[in-house]
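Top to bottom, those sequences are chains A, B, C and D. Last residue of the first sequence? That's 926 in the numbering used here, and every number before it is there in order. Last residue of the second sequence? That's 334 in the numbering used here, and every number before it is there in order. Last residue of the third sequence? That's 556 in the numbering used here, and every number before it is there in order. Last residue of the fourth sequence? That's 339 in the numbering used here, and every number before it is there in order.
Rather than coming from a laboratory, the hints here were simulated on the basis of the structure. Certain hints may be false.
Claimed, not checked - Examples of chain A residues lying across from chain D (beta carbon under 10 Å, computed):
#	residue
1	Ser625
2	Gln629
3	Ala650
4	Asn706
5	Val708
6	Gly709
7	His765
8	Gln782
9	Lys793
Said to hold, decoys possible - Think about it this way: if two alpha-carbon atoms lie no more than 20 Å apart in a straight line, the pair counts; the simulated DMTMM-like pairs of lysine to aspartate or glutamate are:
#	chain 1	residue 1	chain 2	residue 2
10	A	Lys715	D	Asp76
11	B	Lys46	A	Asp511
12	A	Lys787	D	Asp66
Predicted, not measured: the structure shown is a model, and the values here were computed from it. Using N, Cα and C, we set each Cβ at its ideal position, and we do this for glycine too.
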Amino acid sequence: AGGSTSSSAPAAFDPNACQGGTLTVLNHRGQGNFDPAELYTSGGGKVPTLVFRTLTTRNHTTDGPDSAKVVPDLATDTGEPNQDATVWTYHLKPGVKFEDGTPIRSADVKYGLERSFAPELPGGPPYLRDWLVGGEAYQGPYKGGELASIETPDDSTIVFKLRKPEGDFPFLATATQFAPVPKDKDTGTAYQKHPVSSGPYKVVSNDGGKSIQLDRNPNWSRAVDDQRLACPDRIVVTSGLDQSVINQRLAAGTGDDARAVTTDTNVDASVLAKLNGDAALKKRVVTGYFGETQYLAFNPKVKPFDDARVRQAISYAIDRESVVNAVGGTAVAKPATTFLPDQPAFGYTPYDYFPAGQSGDPAKAKELLAQAGYPNGLTITLDHSTVTGDGSGPEVAAAVQQALGKAGITVKLEGTADDDYQTKYQKPATEPGLFVASWGADWPSGGPFLAPIFDGRQILADGGNYNSAQLNDPQVNAEIDAANKITDPAKAAQAWGRLDAELGKQAYTVPLFHPIYKRLYGTGVKNAYVSQWNGLYDLSRISVK
Amino acid sequence: MIRFLLRRTVSTAAVLLVMSAVVYLVFYAAPHDPAVLVCGKGCDGTRLAVVRHKLGTDLPVWEQYGNFLRGLVAGRTFDSGNDVTRCAAPCLGYSFQTDQPVLQMITQRIPVDLSLTLGAMVIWLLLGVGTGLLSALRRGRLVERALTTLTLAGMATPVFLVGLLVLMLFCASLQWMPFPTYTAFTDDPAQWAANLVLPWFSLALVISAAYARMTRSSLLETLAEDHIRTNRAYGLSERRIVLGHALRGALVPVLTMLAIDVGQILGGAMLTESVFGFDGLGRLLVTSVNQIDLPVVVGATLFAGFFVVIANAAADLLYALADPRVSLA
Amino acid sequence: MTDRQKLVEVTDLRVRFASESGPVTAVDGLSFGLGAGESLGLVGESGSGKSTVAFTLLGLHRGSGAEVTGTVRVDGTDVLAAAENELRALRGARAAMVFQDPLSALDPYWAIGEQIAEVHRVHTGSSRAASRRRAVEVLDRVGIPDAARRAGAHPHEFSGGMRQRALIAMALACSPKLLIADEPTTALDVTVQAQILDLLHDLRTEHGMALLLVTHDLGVVAGNTDRVLVMRDGRAVERGPVAEILGTPRELYTRELLAAVPRLDGPRERPAGATGDILLSVTDLRRHYPAPARRSAAPGRRALLGGREELRAVDGVSLDIRRGETLGVVGESGSGKTTLGRLLVRLTQPTSGRIRFEGTDLAQASERRLQPFRRDLQMVFQDPVASLNPRRTIGDSIADPLRARGGPSGPQVRREVGELLERVGLRPDWYHRYPHELSGGQRQRVGIARALAPRPKLIVCDEPVSALDVSTQAQVVRLLSDLQGEFGLTLVFIAHDLAVVRQVSDRVAVMRHGKIVELGTADDVYAAPEHPYTRRLLAAVPVLDPAEADRRRAARAELRLPEKESALAS
Amino acid sequence: MSKALTAAQAPGTTPQGGAGPRADRNQVWRRLRADRSAIAALAVVALLVLTAAAAPLVAALEGQDPTTYHNALIDSATGGVPIGPFGGASAVHWLGVEPGTGRDVLARLVYGAQISLSVSLGATVVQIALGVLIGLAAGLGNRLADTVISRSMDLVIAFPSLVFAVALMAVVPSGFPRPLLLMLVIGVLGWGQTARIVRGQVLTLRGLDYVSAARLAGSRRWRVARREILPALAAPVITYGVLQLPLNVAQEAGLSFLGVGVRPPTPSWGQMLSSATNWFQADPAYVLLPAVLLFVTVLAFTVLGEGVRTALDPRAESRLRAGIERRRKKTDAQEVPA
Ligand SMILES: Nc1ncnc2c1ncn2[C@@H]1O[C@H](COP(=O)(O)OP(=O)(O)OP(=O)(O)O)[C@@H](O)[C@H]1O
Ligand SMILES: Nc1ncnc2c1ncn2[C@@H]1O[C@H](COP(=O)(O)OP(=O)(O)OP(=O)(O)O)[C@@H](O)[C@H]1O
Ligand SMILES: [Mg+2]
Ligand SMILES: [Mg+2]
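So that you can see chain A by itself, here it is in the shape it has in the complex (with noise of 0.2 Å):
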């Protein structure tokens, strides 16, 4: 495990002598809960891969474009599918011990993954029960006994069979639901409050998610991981500050925030200010993209929505910059027209089929609308969160106000609070006709992002529901199940890119921009460089010596 020389990372990092110091993570969004089985991350999480491996994990050791990849993690390779992908076969590495020295098997994997399905614990992904047989039904060990389509014929070795075909298997995996939990150890809900650890560090003390305290776990080593480098001795992560206090503090440095990163924080106005003339400030900025996209969702049941016609034309009137610099301008957000992120692991296939320019194009819109029967304009409503800074908040729904007003469309807006606010919109009953979303990759692959979007058999009447068009066209998943079963990613790729590219005609959304990450560390913190995964440094990485 070399790790890379990125530019980022300062030429004199040795991985052999990083060892020691306490990094302090500075976040504004608490944990939340760090029960695996009700985490929801991408690639292992960014704080929650410290403590747990799972079968496969993310190329942590990189930063170019493979950064993106799958790579084993307890597993000795990704997954051995069977020839249509439906059954799929992992085995362990020898030697992988928890916090308490007790040896990992398949049957603490096992017992993780069916944690998962026990409705106690909720919160983690769909796919599971979405894609293994049985899962739909499975309730849990708690009330539902094993589940049959897991199996375990050793100590090692752990088979899945699935429903259907699934290539993107590998990148599931990767999920925290993947991590083992020994039975006996298993508290239900009180796990979280101490995970048994598989990983480098283990939690001395979690209060509620708020803060975290992480030390190192005597029983791994760097002779069973080739991913982590765990150079801190302790990770202390203390979230609920504000934001700009977390720039501020990262960018002063002082004391123990020499040793800081924030994991949730892009720069703001007042750091980008500086960073012209300071070219040491400027180093310790990090930029990073998550395959994420903002945009606004049409519920073509309401009308007028639908009307493709009023689509297109709120499409075309969209003023993109003004979007953008809402939300802190070029630096943090590029203006999107496709709905899949611009970076190749997604497939992403470039189009704009209603070129609305920089600031949006009034005139052709209010052409659309007249032939759709509003000459005289219309009035619609938009609803937002009312949550500022996350994309999805009152600034963006008022830039978007403001440019369909030009177009003739009076926008009133309608703002909820924002757990109200994924509540109403995630049931088709109570679901806006117009709204601000934001889709971001389970895994840097086309299906996560375009499925639960436009897959017509993931429409959920009870709630959770994210395909707000209630898209139910027989041909799109017919397409949808074709690509899943490609297990090559780069052909898997293709086939998505071509998807969206189709799907986007239909003008279901307005794609808004994509997210750029732009995070400050502190001084004395070394090798951070930029995963393409989840577009952030990474802490199993990063030293503080």
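Given chain A, put chains B, C and D with the ligands in place with the hints provided.
Then chains B, C and D with the ligands, alone, in the frame of chain A:
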């Protein structure tokens, strides 16, 4: 005295009871379903039902409230998967969203607000009463004008702005002190104080103006009392009159105000806590309201209300102690 | 200057205040002197400038924006010119002042002994302990029993008389040469007033202090001063030895003043007792209040349980009131007179007992059931200021009962009000005047007009004249008795001034501690009081004849001796 | 409660205690006029109100409106900071433009004044109206009513209102006009203190002789309340109301900070202040302007309040000169809040 305490206890209980009922009602009336959020992506009907059951939101509102009340007196048990959690007698409920007993979440945060309140109180009393004293006696002098303007500016500026301003000024620009992070008093008293200085001052600045005004008008009122005239007629110096005789009477109404303020801040100074990133009751309240974590909302509201009610009772008690004419009835 | 310099020398004193309606000349060229050990009474009607003079002697006008000219010399200090600290050395040490209202003149937060000790320490610089000893000493001197212990009490734990004594003790603390007493007894009832005046007298004769006694009550000066100065509108009207002024006044004004003073031996307005059937009859009437919440009336009442005990404001009163008669009610302050009066007209609900009015028991009647009886039972309130809404015209206030009665139209009401105003001696076109535009006596007339408006059967007059000047007092008393004849009214006349009650009443009830201790015809009660308390009350009434006053003082001293304790505690 | 004292009171004295001084309008106005700082404050308040009312005019004068984005005037690369000194102030945009959007600051300030002033004034009116009504009911009702109402006052005072407001906002249908809602929420959650003051006053007033006299005259309870008690409450209530106002402005800002203020694109000072928190360093002008305006408003209302209080109470200043003053009667009913 005993009667007073008894009566106060009963009325406090009644107030808190109604308060919790109101919170339940308001949250019940709101169109949100925490289960959907907890359940996450791709949650189907049956799973949702289980989650609702776990959160206890599947019950009608009066049953939820009844369970809550029963828990208060008799304790409750919660099923947490393969474990059963017992929540002992004054059970304020259990937050399934954070998997913690509500009481514990609250008691953990009380030291923060206690520290915040006590220190800030000292400062705002000094600043407020001092300014009030000066403006009653030395009207128009430079110091008085400066202090009055300062306190008024404090009052006019929302605390989140004051807080951020001092942070940017003292921690970022001047770098006179590190950014505050809460340190428990028991861990390191010096650090505790150092970290709290800025929050104390921001909070105090916002509050002092009211005290300045109250002290001033109350002092003027007292100075016009007949017994002050007696003091003058007996040759006491002005200093002695003000400090020895007038101020004491003047501060009695300030006491009532103090009680309400202290009670309210003890129950959570959400804006100050937000700005300084302190985990107190106020933030707990805001977070839980946003997450619709009803047990926590109810618990935190009750505590906040409890502090105010108790502080009020304390004020009456102090009132009786401070003013020999008043007896508790 | 002569070799024997006067203690107080005031020459051509003029004091002007700026007020909203232009400058007010409160004192207008007044000159007088006072030698060591002498005593001077300053009398005059309200607003004549008495207090202003007293205040200027100690330079207390400073900072009030008053414009003062002339010279004021007190024990060698030129008060008007002296520096602040020079004045402070005078105040309280060589010249001390006793104020009128003993409750508000003492700091409620400080123990009484401490307040006195502070004054002593400030002026003598003695030690804390020594000052405290001195405080106890002077408290003892003014007759506070168990002074060492009671020095630790707070003002509210003292009765009115005791507080006034404490104030005098404070004045004595530094053995001043001059004592200025500004209406030292106005707030007290007769028995206590007599005690205080006796005390002042004793102190003066013992210590040779000079005394400046300010009062509007001519009876008070009679027994307590050598000389009298009568003031009016800031000027001296007449001055001379007390016996001369009170005996053979030269000035018309002084004569008027004297004539208006009600006397125990003066003519009675109602020579014959009227008889009629029983109009109102109360039986075993009680009104209890849940303990003295704030001001405990007597010391040591703050029990651990916050005063479980009840305050029996009216404690088992039985009484018949006959149609057409005037029933006088006398008694010391706090004896329950007002409460009884309010019970009779059912402004207050009795705790128990019966109130039969023309055959109906009103004791527990609801407000609605009372409605038809409201007009029959009226009340004239003690305080003419507080009994009129300052924000409404007097006509409006008087019209209230007429309007509530329903029926009459606007002009009709207006006319009736006009008639009533006229009847009480006011001008009918004053309908639109506000209370503040009237004098005290005029306001009291408005109160009477309002009580008359609904043509009541019974009017309870609660101390209708005690807030008024003697001259106004006489007018109002006469008015009431005229009206009684004219309207066939029944009156309950409450007062603490025995002379006034005697003047107007057919029968008199003497109240004490919520009970009626004596009830009889006015002649009987005044001529041959049965109850010792009644006797004490009568003995305490100040008289205008200085010689008689001395005699009475001696009699009081005798009467008091065995009862000293209890009298002080009340 | 209050008991008529026996002692003589000289006629001509102003009535004291609960009765309060006679609030003759001309007299009050005359006294207020004599108070130079109060007049200055009044002028400022008038100016503010006028400017708010004439917001469209002011904006038109400048040639701007509060909602148009000017992307060309901000530097997108550095987060949307206005180009040019002092927040991009220019002859076109007199007070510069808003960072992130380029909207005109002056236009937003004057339009924001509309919301901020009307919300805070409206909320104050609601608070006072509720407080007076409820306080009256408590003070005049029977023991039971008083107890129940007093406890609800405790309740309202004890409620963490800011958070409760957040929750309440979610319950109310979205069609409801936001400024009105804000006004109601702040008002409805804030009447406790006023009610408590009013109740205390009423308890004092209730014992006054002139109120008793009105009862004897056969007036019904409501009439007594309206004619005898309400007018006497005017002075303390007006005084308290004026002091409450700035607090309500701050409350609106607090709600904006918590994300439940006015809806975009409507500007309010609170909204501007809370969005300004991120621009301390990058664009200080943007923070300064609403803050200064808020300060001026609060200062003006405070000074005005002080002036009104003094003007309503002729004793206030003269009492300072404690020298010669008539013996005052004090109704000893300083209510201890139970
Ligand atoms: N501080 C003041 N400002 C304005 N006028 C005043 C002031 N003090 C007293 N006066 C006026 O001066 C006159 C004399 O007042 P003073 O108090 O000396 O009368 P008094 O004889 O003591 O009356 P009373 O018997 O009522 O006490 C009155 O007209 C009064 O209104
Ligand atoms: N509303 C009340 N609540 C409690 N105590 C009261 C109330 N009204 C009167 N009292 C008490 O009842 C007692 C009798 O009072 P009341 O006013 O009837 O006496 P009074 O004889 O009229 O005295 P005064 O001569 O001073 O007017 C006093 O001790 C008084 O404090
Ligand atoms: Mg006087
Ligand atoms: Mg009385």
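Outcome of the hint check:
no. : hint               : in the structure
1   : Ser625             : 5 Å, holds
2   : Gln629             : 8 Å, holds
3   : Ala650             : 3 Å, holds
4   : Asn706             : 5 Å, holds
5   : Val708             : 8 Å, holds
6   : Gly709             : 5 Å, holds
7   : His765             : 9 Å, holds
8   : Gln782             : 6 Å, holds
9   : Lys793             : 9 Å, holds
10  : A:Lys715 - D:Asp76 : 15 Å, holds
11  : B:Lys46 - A:Asp511 : 12 Å, holds
12  : A:Lys787 - D:Asp66 : 14 Å, holds
The structure agrees with every numbered hint stated previously.
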